[in-house]
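Protein chains: 4
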Amino acid sequence: MLIRLRKRTTAAERDSIQSLCNELGLRSRFLDDAREMLELEGDTSAQVRSRFEDCSGVQAILEASDAPEAFAKTAERVGTTVRIGPAEFGGGVASVIAGPCAVEDGDRLLEIARAVQNAGALALRGGAFKPRTSPYSFQGAGTDALGHLARARAETGLGVVTELLDVRHLEAVAEVADAFQIGSRSMSNFALLKEVGQTQTPVLLKRGMAATLREFLLAAEYVLAGGNPHVILCERGIRSFDSVTRNVLDVGGVAYLKQTTHLPVIVDPSHAAGRSDLVPALARAGLAAGADGLLVEVHPNPSEAHSDGAQAISARTLAEVVRDARTILEMDGRRLATPQPELT
Amino acid sequence: MLIRLRKRTTAAERDSIQSLCNELGLRSRFLDDAREMLELEGDTSAQVRSRFEDCSGVQAILEASDAPEAFAKTAERVGTTVRIGPAEFGGGVASVIAGPCAVEDGDRLLEIARAVQNAGALALRGGAFKPRTSPYSFQGAGTDALGHLARARAETGLGVVTELLDVRHLEAVAEVADAFQIGSRSMSNFALLKEVGQTQTPVLLKRGMAATLREFLLAAEYVLAGGNPHVILCERGIRSFDSVTRNVLDVGGVAYLKQTTHLPVIVDPSHAAGRSDLVPALARAGLAAGADGLLVEVHPNPSEAHSDGAQAISARTLAEVVRDARTILEMDGRRLATPQPELT
Amino acid sequence: MLIRLRKRTTAAERDSIQSLCNELGLRSRFLDDAREMLELEGDTSAQVRSRFEDCSGVQAILEASDAPEAFAKTAERVGTTVRIGPAEFGGGVASVIAGPCAVEDGDRLLEIARAVQNAGALALRGGAFKPRTSPYSFQGAGTDALGHLARARAETGLGVVTELLDVRHLEAVAEVADAFQIGSRSMSNFALLKEVGQTQTPVLLKRGMAATLREFLLAAEYVLAGGNPHVILCERGIRSFDSVTRNVLDVGGVAYLKQTTHLPVIVDPSHAAGRSDLVPALARAGLAAGADGLLVEVHPNPSEAHSDGAQAISARTLAEVVRDARTILEMDGRRLATPQPELT
Amino acid sequence: MLIRLRKRTTAAERDSIQSLCNELGLRSRFLDDAREMLELEGDTSAQVRSRFEDCSGVQAILEASDAPEAFAKTAERVGTTVRIGPAEFGGGVASVIAGPCAVEDGDRLLEIARAVQNAGALALRGGAFKPRTSPYSFQGAGTDALGHLARARAETGLGVVTELLDVRHLEAVAEVADAFQIGSRSMSNFALLKEVGQTQTPVLLKRGMAATLREFLLAAEYVLAGGNPHVILCERGIRSFDSVTRNVLDVGGVAYLKQTTHLPVIVDPSHAAGRSDLVPALARAGLAAGADGLLVEVHPNPSEAHSDGAQAISARTLAEVVRDARTILEMDGRRLATPQPELT
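In order, the protein sequence lines correspond to chains D, A, S and U.
Its first residue numbered 30, the first sequence is counted upward by one per residue in the working numbering.
Its first residue numbered 30, the second sequence is counted upward by one per residue in the working numbering.
Its first residue numbered 30, the third sequence is counted upward by one per residue in the working numbering.
Its first residue numbered 30, the fourth sequence is counted upward by one per residue in the working numbering.
Hints are computed from structural coordinates only; laboratory data are not their basis.
All residues carry an ideal CB built from backbone N, CA and C; glycine is no exception.
Mixed in with the good hints, there may be bad ones.
[Stated by the list, open to error] Each computed DSS-like pair below joins lysine-lysine, with the alpha-carbon atoms no more than 30 Å apart: (1) U:223 to S:36; (2) A:102 to S:36; (3) A:159 to A:223; (4) S:36 to A:36.
[Claimed, not checked] Example chain A residues on the side facing chain D (calculated, C-beta under 8 Å, incomplete): (5) 71; (6) 75; (7) 106; (8) 166; (9) 167; (10) 220; (11) 239; (12) 288.
Using the sequences and the accompanying hints, generate a full structural model.
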C-alpha cells in the first residue's frame, strides 16, 4: 500500500499514522526525503485501507491494497450467477424481469404475469411498497399487493422481485419475494443494506441517481460483507441536465462494472428512458454493452398500449425486445434464459 | 386545476379520469374541441392533484391546486422559527451549529463544544451513527457517542444535533438530540421521514446530492404531513462535474427556497467545499443568499489546525465566520443569535 | 400555435405581442378570461415562433408551430443519407470512420489508413488542427497534416474527415476533406456553423459536452438553414459526475434523435469512454440504440496496442467492432457499408 | 516533475519518453524498481509538462512543474487590476457592469446607460452580436448596435463591454469596446482566444457552461500567453439537473479561483439565475464568496419592471444591489468603485 501524505502534515498526524501501523502490524517506510510517500507492507485488506483513509494527514491512498473487496473480479471469481426463481443472471446467461410499476389488482397482475411470461420473461416485478416523492401520492397496496404477488408466483412459476423500503417489512416481503429490490433512493440506506446482507435472499440493487460507480459497488459490498453473496447490480440511468429522457442510461458504466466485478449487472431501460418509445432501444444498448439481463416495466393493460408518453411498454413490444436480446447475447456467446427456450 | 391530456388518450383512460373526478366530487369540462385541456373545479388540494398525476393519459397538471402544500409560504405562513436548544432559525434570526464530524471521545467533545460556544455557536453537531460509503469504514461510536453528546449538552447548554440513520435508533437518539439530522443519503428514506414526522423533535433535513428543489421540499412535506412542524432545510451542495470542490453549493437554490417556503433554510459550507480553506467564503455566500444559519464542521483538535486538506475549520476560523455572519445578516435587518451577544 | 403568457404581463407587453401578430399576419385570440392563453393561427414557421420566444411577457410556447424545422423528421423526410467519400450514413446504411487522434507523420498515417480499411472502415479521421485545453499542448501539424491526409485519401480511396476549428481555414480544409468535423467545443460556434452552411461539404457535427438534444438539433439547423443539407450528428458523451469514463454516452439521446430527425446519427465511443478497454462495448451499445455509424480512434502504432489506458483501440480490435456492428445492424434490417462487403 | 507511468508500458513508449527528456535537456531517474515512477529535473515549465501529458505511456503527472502558468497566483503576482474604462477590478477594488441583454435602439440604450450609472455602475454591457441557440432568433443589431454603444460611451463616460463572437469582427468591436466579452459558448473557441490575446484590449472571459475550473483557467492562459495580460474571469453558473434556476452559480468556484489566480473574478448573477427575483441574492452571494465585481442584466424599460419571469432587473433594484455590494466588500477591507462614491 502506498500512501501520499499531505504537504504540511503535523508531527501529531505522523505519530498517529505510525501508531496505526503498529496497531495493525504493518511495516512502513518513507520512500522520499520529504517524508510524504509512505509504503506499507503486511495485511493491507480493504478494512485496513479504510482505517488509513480516515486518518488526518493522509492525502490519498495511491496504490490500493492487495486484498480485493468482495465485489471484485479476480482469477477465482469471474462471473457469479444469481437466480431469481427460474431466472438466471451472470456467467454468460441473461434473463428478463418484467411487470407493472405498482401492484393494484390481483387478477390484473395475474394477467400481466402471464403476458410477460409468454413474451419471454422469467421473473415478475411489481411494487407493493412504493417510494413516492410526494407524501400524498399512492404509496403502494402494501400487504395486499404481497398477497397478489404470491398468487401470481404460485400460478405462473415466475420469480418475484419487489421493492423493500423499510427494515420493518423485511420478513413480510421475504415470504413472497425471490429477490428484494433495493431502489435508487435506498442505495445509500446502509441500515437496509446491512439487514438484507443478513439474509440469503437475492438482492437486486439499483444504482443511486447520482452515485458514482465506486459508491454503487461499495453499496453492494455492504450486502456481501454481511454474508449474502446473491447481489445483482442494476443500472437505471443517472440524473443529468437534459429532460428529453428522464435519466441517462450509463452504458459505459455497465461495461466498466462487467470488467470490475464478478457480480451480474442488469439494466432498467424503463426508468432510464421515462418514455415507452425509447425503451426497446435502451434495452438493446444495455445488453450490447454487456448487461446480464433487463428489468422492464410492462403496461398493466395490454389493450391500452397506445399511451405513448408513459414509460411502460406493452407485452407485445416486450416480445420484440426479448427477440433482439437473444441476438445480441449470442453475438458474444451468451444466451438468454426464457420460459421455453426450445419453443420461443 | 388545469390538466393537459396526452394526444392519443384512449377512451378507457378518459373514462377512468372521469370516474376519478366523480369520486372526488370535482366538476370537469374540456376547454377545447380536441378534448385535451381539462379544467377541474372543487377541492383541488395537493392530495387530489397527486391522484391525477398518477393517472394514465395525463400529460401534465398545467395549473396547480389552490390548496398549497404545508411547506409553502403564504400570507399566513411567512417565516417559521425553529429552535434547537438555545439556537433559533428563521423569522429574521440565524444561528450557527458547529462541531466535529464524528464523536469519538467524551473529553475531546466537551473541549470542542466549549470552543465553538466561545466562537459564537449555539448548537453542537456531532455524529454518533455515521453513514459511510464503505462497509469497512468507521460507522460511528453509536450509543457511547450519544452519552458524550448528552454530557456536552448538560455542561454547556448548547443545543445538540445528531444524525438519525435508522428508525430503530429513533428513541435513543431522541433522548439526547434537540434535533434529528436527516442526512443527504436519507433525504428520500421516506420511512424515516414518516417516523420523525410522528415526533415533535425538530428535524434538520439535508438536501440529497442530486435532489431537485421540489423533491427537497416534498421530503420536508413528509415530515410536516406527519404532524411535526419543526423542519429546517439544509443546502449542502449538489454533485457536479468538477472535483475542485466536493459539491457545488446551490446559492440560487437557497434564494429560491427562501421565496417558496416559510421553513428556515441553512447551509453546510463544510460538505459543500470538502476543503477547509473555502469554508468561510461559502458560509458568507450562503448567508448573503438568504440562509438562516450555518452548519459547520470544526476541527476536533484546535491545536492541529494546519491539515489544509481536511474540510473542518478551527474554532478560531469559526469566530471569524461568526463575525462576518453578523455583518451580512444585519445588512437586511436580520440578526445572529449568539451565546452572549453583548460580549462576543 | 398556443402561447402561455406570464401571470403579471404588462399592457405594454401585450401590445407588443399584438403588434407582432399584426406584423406577421397572424390571427390571435385569447382562450381564457385571464387572457394568459393565446392561440395564433396563420404561418407559424420556426422563424415566426422564434420571434415570439424573444418577446417579453411570453412564458412558453405550449404548442409548437406546424411548420417543422429543417432537421425534423416528417412524412417526406424520413432518413436522409449523407456520404463521406465511399462511406454512407443513414437510410438504413451505416459506416465506420476510424483513424488517429492527430495526424503527425505521412507514412504512419498511410499505414494506419490501410489498417483501418482492412478492418472495415470506409472513412479516415485525423486531426490537422487540434483544439487543446492548454495553449502549450500540441495544436496539430496544420497544413502539413492536410497534405498527409490528401495523400492517404488518394492512395486508399477512403473518405477523409478532419476538424475545422477556424473560419479562416475553411478553404484549405475543404480542399482535402470529404467532411468537416465540427468538434464538441465548436458546436455553439455559430459563425463557424454559418460558414459551413454556405458550402456543400458534408458536416460531421459533434454534440457539445453539456448541450441539450434540442440545442444540438438547432446547431444542425444553422447548417441546414444556410443551404447545406449534408449533416451527420455525432453523440460523443456528455459530461457527468463520475470519472471512471471520460463522458457518459447518451444512448437514450441517440434513440431520441433517430425518432426526431431525418439526419443520420453516429456515435464516437472513443471520446465517450476515454479508455480503450470500454470502446467496443460502447460502439455496440450506440449501434444497438440506433446509430448509423461509428467514429473510432485507432492507435497509430498497431504493434503497441497494449497501452491500456489510452482511448485508441488497435486495428485488430476495430475488426471485431466491425464484425459486431454488422450483426447488430442486421438485427433490424440495416446494413454496414464496408470496403469489400463480400470478402470481409 | 514526478511522472507515474502506466503499469504495462511498452519498451517503445519508454524509449520515446526518454528521447523527449533528452530533447528537452532534462535529467531523469526512476524512483522504483518497477520503473513506474519517473522523476525529472531541469526546466519543467508548463510547455514542457504538456509535452509529457501528450506521451503514450504516461498515466499522470503527479507533481507539477515549478514554473507556474501565467494565470497562477504567486508571491509576485497576487492581485492584478484590470480596467474597463473607469471601472476597476481586482486588487481589493470591485465594480459593477450593467446594461441590457441586446442593444436595439440608440435612445433607449442611452437612457438605460444613464440609469445604471445613477445606480452605481461604471461600465455598460450590451450585445451587438448575439449567440443564439436557434438560427431563426434575433442575432443582434450588429454594427448599428456598435454605433449606439459608442454614442452611449461618449455621452456617459461608462466603460463599454460587448461580446466578440467572430474573429472577423475583432477590429470593428475593438473600436468601440473597452473590453471584449468572450461568452460561455466561446470559452473553448481557441482561435478567438488567440486573436484577443494579440491585442491589449481587456478580455472579460465567461466560464463555459460545463467547463471545469482548470479548463476555465487554461482558456485565460490562451489570452495571457498571447501577450494580453488584461483578463477578467466571469463565473456565470454551470449547467445542472434542476430547472428552478437556469444555471447553478458556483460560488465555491469563485472562492477557489480567488485563491488560485491573480486575475480578477466577477460573477454574472443574471445568467446564473435566469429569473430576476433571485438576481440580488446571487449578486450578494458572489461578492461574499470573494468576487471582484458584477455583470448584471438590467431591464431596458425601467417602467415595465414587473415582468417577473425575465432575468433582467430594474435600475432601482440595481441600486439596492450596489448598496449591498458596498457593505459586503467593506467587510474584508475591499471597496466598490462607483461613479461618485461620495454621493451615491
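Exercise for review: Quick one: which hint numbers does this structure break? Sort them smallest to largest.
Suggested key: Hints 1, 5, 7, 12 not satisfied by this model.
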